[in-house]
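K.L.:
Residue numbers (this note's numbering), protein chains in the order written: chain A, 98 to 644; chain B, 29 to 131.
There may be inaccurate statements among the hints.
[As the list claims (entries may be wrong)] For each label pair, taking beta carbons as the anchor points, the in silico distance ranges come out as: (1) Gly-327(A) x Asn-69(B): 17 to 25 Å; (2) Met-86(B) x Met-411(A): 37 to 45 Å; (3) Pro-545(A) x Ala-59(B): 53 to 61 Å; (4) Ile-102(B) x Leu-154(A): 47 to 55 Å.
Don't read these hints as lab results, they were simulated from the structure.
Glycine included, every Cβ here is placed at the ideal spot set by N, Cα and C.
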Amino acid sequence: MQTSEAKKVNYLSAQHTVASWLLTIDHKRIAILYLVSITVMFLIGGLMAAAIRAELLTPAGDLMGSDTYNKAFTLHGIVMVFFFLIPSIPATLGNFLVPLMIGAKDLAFPRINLLSWYIYMVGATIGIVATVTGGLDTGWTLYTPYSTAYATTNVVMPAIGLFITGFSSILTGLNFIVTIHKMRAPGMTWFRLPLFIWAQYATSIVMILATPVIAITVLMVAIDRGLGLGIFDPKAGGDPVLFQHLFWFYSHPAVYIMILPAMGVISEVIPCFSKKRIFGYNFIAASSLSIAIIGFFVWGHHLFTTPQSMYAAMAFSIITFAVAVPSAVKTFNWTATMYRGSVSFEAPMIYAFGFMGLFLVGGLTGLFLGALGLDLHVHDTYFVVAHFHYIMVGGAIMAYMAGLHFWWPKMTGRMYPEGPAKAAALLIFVGFNLTFFPQFLAGYAGMPRRYHYYPPEFQIFNVLSTAGSSILALGYLLPLGYLLWSLRYGRAAGRNPWGATGLEWMIDSPPSPHNFDETPVVTWEPYDYPDAHRRTAEHAASEAARV
Amino acid sequence: MSKHRYDPQATVRAYIMVFACLMIFTALTVAAAFVDLGAMNNAVAMAIAATKAVLVAMIFMHLRGGSPLNVLWISSGIFGFVIMIAFPLLDLLSRNILGIPGK
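Full structure from sequences and hints, please.
P.N.:
Laid out in structure tokens, this is it:
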């Protein structure tokens with residue numbers, strides 16, 4: 098069967114020209130285009146992180162001055178947030194998997210899907226080129242009045258880059274929502290959808306409703322700066338706090354654009370490597386929607402130290418605590434899924450364990466920051482830096498790595514070597530904690546963020562952090578090596594190497610250009626683990642019989 | 029998708045009528061700008077704009093007679109917009125009511 102499968106045309110072997118890739122409307126190829134693009138962005142952002150950590154090794158500004166340092170952390174933030182994390186899981190794994198998981202042949206709007214990648218490339222290129230050539234020193238938050246009135250660096254062009262990139266996100270969200278509503282296979286009811294799909298759906302809601310606001314906000318910054326309208330200038334009747342309201346109206350839900358798909362990945366990986374039906378399917382699905390909705394009401398917790406009214410602050414604080422509830426529901430349900438399961442420790446599962454531990458720390462320290470009193474103490478310190486890296490890197494990137502390893506055999510048809518993959522997962526976990534845990538301590542002790550020099554008493558934390566970042570970098574480079582190696586030398590994966598449930602595991606690896614030879618009819622419940630292998634075998638046999 | 033029978037003539041007639049209404053409301057907006065209505069200036073301008081938006085959404089975007097799902101999605105967009113306006117207003121209007129500087 099392996100030989101006959103190998104001869105079948107798949108989406109990778111269907112055509113080989115450059116044009117066939119650049120003009121493709123196959124969701125799987127577009128996912129690969131995104132995968133390559135965001136990996137380049139990750140390397141650029143990572144390079145800036147390395148520069149920042151190298152500079153902070155000693156209290157003095159040895160390697161760069163304030164201006165260069167400001168530009169380095171701004172580039173790091175903008176690239177990692179807007180050009181890597183936000184498109185990471187939705188645009189790569191989401192693009193690849195949404196049609197496969199619901200039994201569709203493609204997304205609802207394949208051409209719009211390709212357009213979203215081109216828009217992303219144009220926006221990201223403008224953003225990167227502008228930030229590298231002129232430099233931008235406002236931090237990724239572009240706070241006014243510095244960005245509108247005082248910054249002498251290149252503010253407008255990166256803002257245009259962000260404005261353009263936002264449309265890519267909106268188009269992806271739109272495509273997913275329409276696809277999930279309209280293109281599910283017969284029998285694939287809402288409560289038979291994989292939880293990854295629920296997570297993508299919830300994420301798409303946030304993408305569509307929040308992204309236009311950041312687009313218009315950065316446009317207002319550009320207009321304010323260029324024409325001096327004074328929208329955010331108190332002297333002209335404007336309000337700099339209004340900028341923060343608008344910026345965080347998007348940028349806090351943007352955290353959920355990063356973490357909700359991550360949670361979707363974990364909801365697939367944990368039942369597979371526990372060989373057990375997921376605990377509390379309905380609650381996990383509902384909690385994704387709850388996070389997406391409640392997440393729209395919490396942005397004011399970024400403004401506790403501004404002149405924001407104390408009543409608004411109290412409201413935002415209370416709702417911030419509320420949004421922790423659905424996140425906790427998921428965490429408890431994942432844990433309960435593993436209870437008495439047949440747990441195995443393949444690389445995706447190790448990443449998933451890493452996600453759970455790190456997301457827990459990130460989430461709980463988020464509650465510290467949501468408390469009105471404590472936030473004043475740690476605001477703008479390394480405590481905040483550590484917190485959001487535990488969510489975005491420890492949470493979102495760990496899950497992205499888990500998902501990439503989990504579905505890599507499906508995407509490429511090849512298995513990667515398990516030993517190095519496990520080693521990389523462990524290296525990332527150790528390196529990550531060594532990098533960011535000391536930053537909690539430094540921040541709590543009062544070390545402010547965004548300075549390239551600091552009092553000597555903070556050096557021990559920074560030395561640990563820089564040492565950890567070296568291990569972390571190694572952990573990230575290792576997968577780049579063995580995943581590329583596996584493309585040529587990895588053993589054939591077969592249809593379902595993990596014994597997982599889900600429609601995507603019933604078809605060839607890599608899938609054919611049109612995904613399914615015949616539209617599947619779903620008659621079973623999701624995560625029906627005892628029957629996973631049997632179902633894949635039956636599907637393969639029925640395909641063979643048709644041939 | 030529409031539950032109503034498709035009638036091209038009726039559809040075109042509706043489009044023309046809506047277009048005419050939009051033009052009339054645009055003229056009204058310009059006219060209102062030349063009349064000082066005091067505190068009502070903004071309210072009148074917003075009311076005219078909102079009416080035009082409703083006409084576009086209902087007729088041009090086929091919300092009238094369309095799927096309830098479309099109505100739900102449009103409503104969620106409006107809901108998001110209301111949150112975006114309401115919470116910063118909550119902040120703005122409740123600043124300094126205790127006379128505590130900075131709060």
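K.L.:
Evaluate each hint against the coordinates.
P.N.:
Comparing the hints with the structure gives:
The hint said 17 to 25 Å for the Cβ distance between Gly-327(A) and Asn-69(B), and at roughly 20 Å that hint holds. Distance hint check for Met-86(B) and Met-411(A): the Cβ-Cβ separation is about 39 Å, which falls inside the suggested range of 37 to 45 Å. Taking the beta carbon of each, Pro-545(A) and Ala-59(B) are about 56 Å apart, inside 53 to 61 Å as hinted. At about 54 Å, the beta-carbon gap between Ile-102(B) and Leu-154(A) stays in the expected band of 47 to 55 Å.
In the structure shown, no violation is registered for any of the earlier numbered hints.
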